[in-house]
Amino acid sequence: MGLRAPSTVSAGSSFSITTTGSGPATFYLLGPSHVVKQTIQLGQDLPISGSDVGASGSYQAVACDSVGCTSTAFYVLPSSPARLSFLVHPSRVPVSAGNAINATALVYDRFDNTVLAPTPVKFQFSSSGAAPYTRSLATARGIAWLQLGSSSKQGPLQVVASVGETAEPRVIQQVASEACGLRMQAASSSRSVTLQTDPIRDCSGNPVPDGTVVSFTMIDDAGRSTVDTPIKKGVARAQFAVSGRARISVACGVVLGNEISIGGEP
Amino acid sequence: MRRSLPFVIALVTAALVAAGWWQAGGYRLRAERAAGTAEQAVRALMADIQAHNWSDAYASLDHANGLQESDFIREVAGADGSLRTYSVLQSFEVWPLHADANHSTQRVRMNWSSAVGSLDELRDLSVVRDGSVWRVLWAKPDFPNVPLQVLPVNYLRWDVVGHRSDDWGAGSVDSPRVRITSMNAVERPDRVLILGEIENEDTVPAYLNVNATLLKPDGSSLEEQDSFDAISHRLLPKEVSPYRIDFPGLRLSQLKSVRMDVRALLVPASADPVISVENQTIDKDALGRKILKGVLVNQSGQTANIAQVLAAFYDSSGKVIWVVDGYLDQALLPQAPVPFAVSIPDDVAARVQSYHVVVNHYTAPTA
Chain D
2 MGLRAPSTVS AGSSFSITTT GSGPATFYLL GPSHVVKQTI QLGQDLPISG SDVGASGSYQ
62 AVACDSVGCT STAFYVLPSS PARLSFLVHP SRVPVSAGNA INATALVYDR FDNTVLAPTP
122 VKFQFSSSGA APYTRSLATA RGIAWLQLGS SSKQGPLQVV ASVGETAEPR VIQQVASEAC
182 GLRMQAASSS RSVTLQTDPI RDCSGNPVPD GTVVSFTMID DAGRSTVDTP IKKGVARAQF
242 AVSGRARISV ACGVVLGNEI SIGGEP
Chain X
5 MRRSLPFVIA LVTAALVAAG WWQAGGYRLR AERAAGTAEQ AVRALMADIQ AHNWSDAYAS
65 LDHANGLQES DFIREVAGAD GSLRTYSVLQ SFEVWPLHAD ANHSTQRVRM NWSSAVGSLD
125 ELRDLSVVRD GSVWRVLWAK PDFPNVPLQV LPVNYLRWDV VGHRSDDWGA GSVDSPRVRI
185 TSMNAVERPD RVLILGEIEN EDTVPAYLNV NATLLKPDGS SLEEQDSFDA ISHRLLPKEV
245 SPYRIDFPGL RLSQLKSVRM DVRALLVPAS ADPVISVENQ TIDKDALGRK ILKGVLVNQS
305 GQTANIAQVL AAFYDSSGKV IWVVDGYLDQ ALLPQAPVPF AVSIPDDVAA RVQSYHVVVN
365 HYTAPTA
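Residue numbers (this note's numbering), protein chains in the order written: chain D, 2 to 267; chain X, 5 to 371.
Only chain D is shown next, with the shape it has when bound in the complex:
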């Protein structure tokens, strides 16, 4: 009694195991995630369905009759690339940040086995107002990854990883960085002062997103007054009741803006 199997098989491919001997026997196919048991006739070729060898890895074929058992081992390799897992991190990134974006692609066959053979993965980057560009990398142990910096212009950056006909798109939001050159202007009436910043932009000229909080602080004879107000339509506005001389400052995050004095001070 004997068994002979090909040394390597592609995942999902049907093949045959040759048996020698005669009479009935019980056949076992032991795989990484699957076991098959069936009665066979020795001396005939035993067809193995592709669905029984979907998981890649080491397999053992065993045949037992009334006399004893015999076995053979073979290896199932991943089949051709068919699927991608693609992770792009982070989903939001400040503009002009070096090596801030990490794109990682894992290549699988149609049975979700990691394709370990070096496989070229194409990364395509495109954003509005800039020419798209492509980088191609070969996988190492099933993984292809790269790091890149964000551009100086805010907006969505689409990253598409593709292998053959399979493509996975992801979108990263490139957002404005810290405010730069923060300035405000004041319009005072007899009892109140209305403050409004100039359009708030980062150092690359991108508008800081609406909703970002800007803090106005006024110190006058009545004490300290503060208001945290979100940017709306590119500018932040606030109003204070004022008594006597007052000094007003503005800040956004860690960035300080100009100071204004009201009531005779220069």
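FYI, nobody ran anything at the bench for these hints, they're computed from the structure.
Hints may contain errors.
[Unchecked claim] Residues on chain D that point at chain X, a partial pick, calculated with CB under 8 Å: (1) Arg5; (2) Pro91; (3) Asp110; (4) Arg111; (5) Asp211; (6) Val228; (7) Thr230; (8) Phe241.
[As the list claims (entries may be wrong)] Which bits of chain X does chain D cover? Going by a derived footprint, with three or more residues having C-beta under 8 Å, they are: (9) 275-282; (10) 303-315.
[Said to hold, decoys possible] Label pairs and their in silico Cβ distance ranges: (11) D/Cys181 - X/Asp75: 37 to 43 Å; (12) D/Ala131 - X/Pro148: 32 to 38 Å; (13) D/Ala131 - X/Met264: 56 to 62 Å; (14) X/Ser225 - D/Ser50: 31 to 37 Å; (15) X/Asn213 - D/Thr9: 36 to 42 Å; (16) X/Glu125 - D/Thr195: 31 to 37 Å; (17) D/Cys181 - X/Asp194: 46 to 52 Å; (18) X/Asn57 - D/Gly235: 53 to 59 Å; (19) X/Asn213 - D/Ser8: 54 to 60 Å; (20) D/Arg184 - X/Gln153: 24 to 30 Å; (21) X/Met264 - D/Tyr29: 51 to 57 Å; (22) D/Ser14 - X/Ser225: 52 to 58 Å; (23) D/Arg184 - X/Ala143: 55 to 61 Å; (24) D/Gly130 - X/Val120: 47 to 53 Å.
Ideal Cβ positions, reconstructed from N, Cα and C, are used throughout, including at glycine.
Assemble the complex: chain D is given as a structure, and chain X must be docked to it using the hints.
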């Protein structure tokens, strides 16, 4: 026997009713309503407020200042979905400050049981003699008279849309990036406090919670707490909130270190209303305690029903040495200033060089 049974039953019933009345405080209430003295007048008024007898309470007042019943009820019972509308007067203490034959000043400390916990209110009441009885002269509330105006409203808000995917890397959006900008462990006589500030450094709003784990010298965990309501949980981009975590019954000597943990979630949020904190000064209250007081002004066109003031105090090196919070029992109507005050321990007040006040608010959903 048959004739006396109804009398016995009536007698027992009357006795039980009387006992119930006594037990329920009816005797005390009656005594308090008999305003033979200035203190009794205040006690009677408080008893009526406690029982929500607004008409009786108003009727017992001196009306020389032209106080309207609706104004009195609005001040005492609250309005506009304010915290006071979810409060009841739990207890009160009255003590005299000044008295002569026809006029007295009584100080009353009211303890309100509210939706966010117990709130104290201290008020000096002027009481005047009116013939044989004393009547409280309730100060006319100074409700802001905001002129009719049209405020431009720009409802800036964020929504989270789409669905999450179980596929690895396919449906993920990063949590907001937040950072603890300062942390300080402070010992008080009865507790250890973890104080500091946290900033949303991202461009999207964050719902966050700060957790502190106290570690023993051997590295094991001693106790874990979160910031609960002493924090502004929802932070807009670049917004900073103080936080405070209390560990009652612990001493700093029991700790080796503190492990901080921040959990931030991406949530829908609105940028309105904008509330300014004006005229902030450190002063003393009527009891001589140090307080930070000021005025909140809702600069938006939307009523903020319940407001919470959070204040961080810094020493000369810029370190956060105290964080305190306090709720306002009045709603913040558009453009209407509402005063606030939070207390500061005397030993802390002596070291305070600067402070930062933020306002946390709850706005009831509108139909």
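- Task: Tell me if chain D covers the region 275-282 of chain X under the three-residue, 8 Å CB rule, please?
- Result: It holds, with 6 qualifying residues against the three required.
- Item | Per-residue hint verdict: D/Asp211, partner chain X, C-beta under 8 Å | 6 Å, holds
- Message: Between the beta carbons of D/Ala131 and X/Met264, is the distance compatible with 56 to 62 Å?
- Response: The hinted range 56 to 62 Å is violated for D/Ala131 and X/Met264, with Cβ atoms some 40 Å apart.
- Item | Agreement of hint D/Asp110 with chain X interface, Cβ distance less than 8 Å | Violated, because the Cβ-Cβ distance from D/Asp110 to chain X comes to roughly 16 Å (cut-off 8 Å).
- Task: Indicate whether the distance between the beta carbons of X/Asn213 and D/Ser8 respects the range 54 to 60 Å.
- Result: 57 Å, holds
- Query: Measuring from the C-beta of D/Thr230 to each C-beta in chain X, is the shortest one below 8 Å?
  - Reply: 5 Å, holds
- Query: Do D/Cys181 and X/Asp194 keep their Cβ atoms within the hinted range of 46 to 52 Å?
  - Reply: 48 Å, holds
- Item | When the least beta-carbon distance from D/Phe241 to chain X is tested against 8 Å, hint result | Hint on D/Phe241: holds, closest Cβ of chain X at ~6 Å, below 8 Å.
- Query: Are D/Ser14 and X/Ser225 spaced within 52 to 58 Å by their CB atoms?
  - Reply: 54 Å, holds
- Message: Range first: 55 to 61 Å. Now tell me if the beta carbons of D/Arg184 and X/Ala143 are that far apart.
- Response: Given range 55 to 61 Å: violated, Cβ gap about 45 Å.
- Message: Verify the CB-CB distance for X/Met264 and D/Tyr29 against the hinted window 51 to 57 Å.
- Response: 56 Å, holds
- Cβ distance range 32 to 38 Å for D/Ala131 and X/Pro148, holds or violated: For X/Pro148 against D/Ala131, whose Cβ atoms are near 53 Å apart, the range 32 to 38 Å is violated.
The structure fails hints 1, 3, 4, 10, 11, 12, 13, 14, 15 and 23 (numbered hints given earlier, in ascending order).
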